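K.L.:
Spelled out from the first residue to the last, the chains are:
6 protein chains.
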Amino acid sequence: MNEQTVTIGRLAIWIAMSDEYEEAEIFEKAKSNQYRVCKGRVGSMDGEKIFAAVETAAKRNGIISERQYHEEHALYHATLEAFQGACRGQPLLKGVLRSGGFTFSVVRGPRRSGDLSDGEWVAVALFGTMGAPIKGFEHEVIGLGINNLSS
Amino acid sequence: MNEQTVTIGRLAIWIAMSDEYEEAEIFEKAKSNQYRVCKGRVGSMDGEKIFAAVETAAKRNGIISERQYHEEHALYHATLEAFQGACRGQPLLKGVLRSGGFTFSVVRGPRRSGDLSDGEWVAVALFGTMGAPIKGFEHEVIGLGINNLSS
Amino acid sequence: MNEQTVTIGRLAIWIAMSDEYEEAEIFEKAKSNQYRVCKGRVGSMDGEKIFAAVETAAKRNGIISERQYHEEHALYHATLEAFQGACRGQPLLKGVLRSGGFTFSVVRGPRRSGDLSDGEWVAVALFGTMGAPIKGFEHEVIGLGINNLSS
Amino acid sequence: MNEQTVTIGRLAIWIAMSDEYEEAEIFEKAKSNQYRVCKGRVGSMDGEKIFAAVETAAKRNGIISERQYHEEHALYHATLEAFQGACRGQPLLKGVLRSGGFTFSVVRGPRRSGDLSDGEWVAVALFGTMGAPIKGFEHEVIGLGINNLSS
Amino acid sequence: MNEQTVTIGRLAIWIAMSDEYEEAEIFEKAKSNQYRVCKGRVGSMDGEKIFAAVETAAKRNGIISERQYHEEHALYHATLEAFQGACRGQPLLKGVLRSGGFTFSVVRGPRRSGDLSDGEWVAVALFGTMGAPIKGFEHEVIGLGINNLSS
Amino acid sequence: MNEQTVTIGRLAIWIAMSDEYEEAEIFEKAKSNQYRVCKGRVGSMDGEKIFAAVETAAKRNGIISERQYHEEHALYHATLEAFQGACRGQPLLKGVLRSGGFTFSVVRGPRRSGDLSDGEWVAVALFGTMGAPIKGFEHEVIGLGINNLSS
Chain A
1 MNEQTVTIGR
11 LAIWIAMSDE
21 YEEAEIFEKA
31 KSNQYRVCKG
41 RVGSMDGEKI
51 FAAVETAAKR
61 NGIISERQYH
71 EEHALYHATL
81 EAFQGACRGQ
91 PLLKGVLRSG
101 GFTFSVVRGP
111 RRSGDLSDGE
121 WVAVALFGTM
131 GAPIKGFEHE
141 VIGLGINNLS
151 S
Chain B
1 MNEQTVTIGR
11 LAIWIAMSDE
21 YEEAEIFEKA
31 KSNQYRVCKG
41 RVGSMDGEKI
51 FAAVETAAKR
61 NGIISERQYH
71 EEHALYHATL
81 EAFQGACRGQ
91 PLLKGVLRSG
101 GFTFSVVRGP
111 RRSGDLSDGE
121 WVAVALFGTM
131 GAPIKGFEHE
141 VIGLGINNLS
151 S
Chain C
1 MNEQTVTIGR
11 LAIWIAMSDE
21 YEEAEIFEKA
31 KSNQYRVCKG
41 RVGSMDGEKI
51 FAAVETAAKR
61 NGIISERQYH
71 EEHALYHATL
81 EAFQGACRGQ
91 PLLKGVLRSG
101 GFTFSVVRGP
111 RRSGDLSDGE
121 WVAVALFGTM
131 GAPIKGFEHE
141 VIGLGINNLS
151 S
Chain D
1 MNEQTVTIGR
11 LAIWIAMSDE
21 YEEAEIFEKA
31 KSNQYRVCKG
41 RVGSMDGEKI
51 FAAVETAAKR
61 NGIISERQYH
71 EEHALYHATL
81 EAFQGACRGQ
91 PLLKGVLRSG
101 GFTFSVVRGP
111 RRSGDLSDGE
121 WVAVALFGTM
131 GAPIKGFEHE
141 VIGLGINNLS
151 S
Chain E
1 MNEQTVTIGR
11 LAIWIAMSDE
21 YEEAEIFEKA
31 KSNQYRVCKG
41 RVGSMDGEKI
51 FAAVETAAKR
61 NGIISERQYH
71 EEHALYHATL
81 EAFQGACRGQ
91 PLLKGVLRSG
101 GFTFSVVRGP
111 RRSGDLSDGE
121 WVAVALFGTM
131 GAPIKGFEHE
141 VIGLGINNLS
151 S
Chain F
1 MNEQTVTIGR
11 LAIWIAMSDE
21 YEEAEIFEKA
31 KSNQYRVCKG
41 RVGSMDGEKI
51 FAAVETAAKR
61 NGIISERQYH
71 EEHALYHATL
81 EAFQGACRGQ
91 PLLKGVLRSG
101 GFTFSVVRGP
111 RRSGDLSDGE
121 WVAVALFGTM
131 GAPIKGFEHE
141 VIGLGINNLS
151 S
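Residue numbers (the working numbering), protein chains in the order written: chain A, 1 to 151; chain B, 1 to 151; chain C, 1 to 151; chain D, 1 to 151; chain E, 1 to 151; chain F, 1 to 151.
One chain only, chain A, in its complex shape (with noise of 0.2 Å):
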C-alpha cells in the first residue's frame, strides 16, 4: 500500500484487519495523509450496540463533532451500510440467532489521498466474525460504508 494507493475505503479495510504491529505503521501513514481515524472493537448479539460502540469512538477521538447532527447523520449511515455488508442481507442480529464479534475502524478525509477538490467523506469498516452463539461456530465477515460529510 503505497503513497499513491491511498483511498479513504482501503485505509478503513486495512485499519479494521490490522494486528497491533501493523496499526503504528498504518496510523502513520492515515495521519501523513491527512486522515483522522481511529480502531475499536465490540462483539453483541443486538445490533444497536455496533452503532453505539462506532459512535462513541468517534466522538471520543474526535473524527466527528459531539454536537453536530449534521456529522452524527453521515456517520450513523456508515455504519448501517458497514453493518448491511456485514449482515449480508438483514441487518439482524439476536432476531434470527446470531452474534458478531468486529474490529471496526473510522475514517475521515478525503475519497482519495490528496484529493481535496471534493471534500470530506467518512468510512466505517467492520471486520470479524459472525455465527451462532456457540464458540468457534462462526465465520469471517466484513462490511464498509462510505458516506459524504463535509464540503
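FYI, nobody ran anything at the bench for these hints, they're computed from the structure.
One thing to keep in mind: the hints can contain errors.
Identical chains blur together in the list; that is why a pair holds if it fits in one copy or across any two.
Said to hold, decoys possible - Taking lysine-lysine and the PhoX-like style, the derived pairs with C-alpha atoms no more than 20 Å apart in a straight line are: (1) K59 - K135; (2) K49 - K94; (3) K135 - K31; (4) K39 - K49.
These figures come from a predicted structure and were not determined experimentally.
Position chains B, C, D, E and F relative to chain A; hints supplied.
P.N.:
Just chains B, C, D, E and F, lined up with the frame of chain A:
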C-alpha cells in the same frame, strides 16, 4: 499476514484488494496453505454479469466442479452474500441507477489454514467501486461471502 | 404552514403534493426562507428513470453542483430513500409488475428554517400513484428522503 | 384541497401533518366526504408499539371492527407499509439504534371521494421524525400504506 | 386431508403440488367446500411474468373480477407474498442470475371451510424449482400468500 | 406421492403439513428412501426461538452433527431461508407485532431419492400460522429452505 493467521476470509479479501505486484506472493502463500484460488475483474450495471463472471472464473480455474450442482450451489450463495455486502442493502444495480466495478476472488479450502476437521469452505470477495454511471462519481465497496462446500 | 413551521421535509412534501395554483405561493415561501427548490414529474416501470429525472432536475435548477460527486452522492441517497418509501419494502417496479407515476420535489437548505448551525441538507419527496400497468388500477404512495449535504 | 381532489391518501397525509388548528376543518371535510378518520401520536424505539398504537386507535374510533380478523388484517398491512415507508428500507428501530416519533392517521373510505364502485379502502399515514436517541438529532420522515378493506 | 381440515392455505399448497392424477379429486373437494380455484404453470427469469401468469389465470377462471381494482389489488399482494416466499429474501430472479419454474394455484373462499363469519380471502401458492440457468441445477422452492379479499 | 417423486423439498413439506395419522407412513417412506427426518413444533414472537427449536431437534435426532460447524452452518441457512419464506419479506416477528406458530421438519438426504451423484442436502420446512397476538387472528404461512450439506 503470517502463517498462523491464514484464514479463508482474509485470504479472499487480500486477493481481491491486491495489486499486480502482490499477487504472486499471495498466490504462493495460498498454495502452500492448501487453498485453491482465482482472481478476476468485472464491471456492469447488470447484477447477473457479476454472478456469471465469478462462476465462470471459478469453474475455469478448477475451484468448483462444473458438473456438480452441489458445488455450484455453494458458490452461488457465497457470491450472493458478497454481492449483498457490496450493495449494502438491496442487491440492485441498474434499477437504482448505479454501476459496480469489481476485482473478485474465489477461494476454496479450510476456514483456517491447517484445520481439516471441519470440511472445505468457499469464499468470494468483491472489492471495487460503486456509483453513478458518471466517470469518477463512485466510492469504494467490499463484499465477502463464505459458505460450507464439501465435507 | 406558517413561518415557524417551515422545515425541509414539510416543504418537500408540500411541493410534491401541490397543484399548479399553490405552486407560486410555496416557491415564494421557500425562497424567502432561503431554500432552493424544484419540482418535476416522472412515470415509469424502470426505477432508474425515477432517479435520473430527479437528478437531472436538481442539476438543471442549480440545487446541486454538477461537478461535485459529494453533492451527487448526497442527493442519490435522498432519492433512494424516497424511492424505498414510495415502494414500501422492495425498491422494484417492473420486476414485480408495477408502475409508478410521481410528482417529485428536491429541496436544499437547513433542516429547520433559520437554523444555520447544522449545515445544509437535501430532501427529495415523491408523491403519486403506484399500481398495475392497467389504467386506474393504482393507489397513492409517498416517499421522503433527507440527507446531510454540506456543512 | 378542494372537493374534487379528496382522495384517501391525500386525506391521510393531510391529517397526519396537520396541527391542532387545522384538525377541525379536515375532520369536517372528511366526514362530509363519507370518510371515517382518526389521529394519534406515538413515539418509541420498539416497532411493535407503533403498530399497537395505530390498531388501538382505529378500533376505539370504530374505523375497523374489533371482531373481524378480515379488517384487522387489512389495517395491519396498511400499517406495515406505512412503517416501511417511514423506515425507508429495513423496518427496524432499536436494532439499528434509532427512534421514531409520529403523528399517525387512519382513514377508511373510497379511494376517491364519491367513487363507490370499487369498495372501501384503509389508509395509514405516519408523519414525524426518526433519528438517534439524542434530543434534536433526528429528521423528518413520512410513510403511507393503503390497502383494500371491504367490498 | 378430510373435510374439517380444509383451509385456504392447505388447499392452495395442495393444488400447486398436485400431479395430474390428484387434480380432479382436489378440484372436486374445493368446489364442494365453496372454494373457487385454478392452477397453471409458468417459468421465467423475469419476475413480472410470474405475476402476469397468476393474474391472467385468476381472471380467466373468474376467481377475481377483471373490472375491480379492489380485487386485483388483493390478488397482487397475495402473489407478491408468494413470490417473496419462493425467493426467500430478495424477490429477484434474473438480476441475481437465477430462474424460477412454478406450478401455481389461486384459491378464493373462507380462511376455513364453512366459516363465513369473516369474509372471503384469496391465496396464491407457487411450487416448483429455482436455480441457475443450467438444466438440473436447481432445487425446490415454495411460496404462499394469503390476503383479505371481500367482506 | 409415489416412489419416483420423492424429493427432499416435497418430503419436508409433506412432514411439516402432516397430521399424526399420516406421520408413521411418511416417516417409513422417508427411511426406505434413505432420508433422515425429524418433526417438531414451536410458536413464538421471537425469531431466535424458531431457529433454536429447529437446530435442537436436528441435533437430538442425529440429522446433523453437534460438533461440526460445517453442518450447523448448512442447517442454519436452510432455516433462515424457510423463516424468510414464512415471513414473506422481512424476517421479523415481535418488532412488527406478529407471532408465528409452526410445525417444522428437517430432512437430510439426496435432492431426489436414489440420486447419490450430487451429495447430501438439508431441507427445513415451516408450516403453520402467523398473525396478530390475538387468538384466531392469523392465517397460514409456509417456508422451505434447502441447502447443500456434505459431498
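K.L.:
Could you run down the list of hints and mark each one as holding or not?
P.N.:
So, going through the hints one by one against the coordinates:
| no. | hint | in the structure |
| --- | --- | --- |
| 1 | K59 - K135 | between (32 Å within a copy, 17 Å between copies) |
| 2 | K49 - K94 | both (12 Å within a copy, 10 Å between copies) |
| 3 | K135 - K31 | neither (37 Å within a copy, 28 Å between copies) |
| 4 | K39 - K49 | within (16 Å within a copy, 34 Å between copies) |
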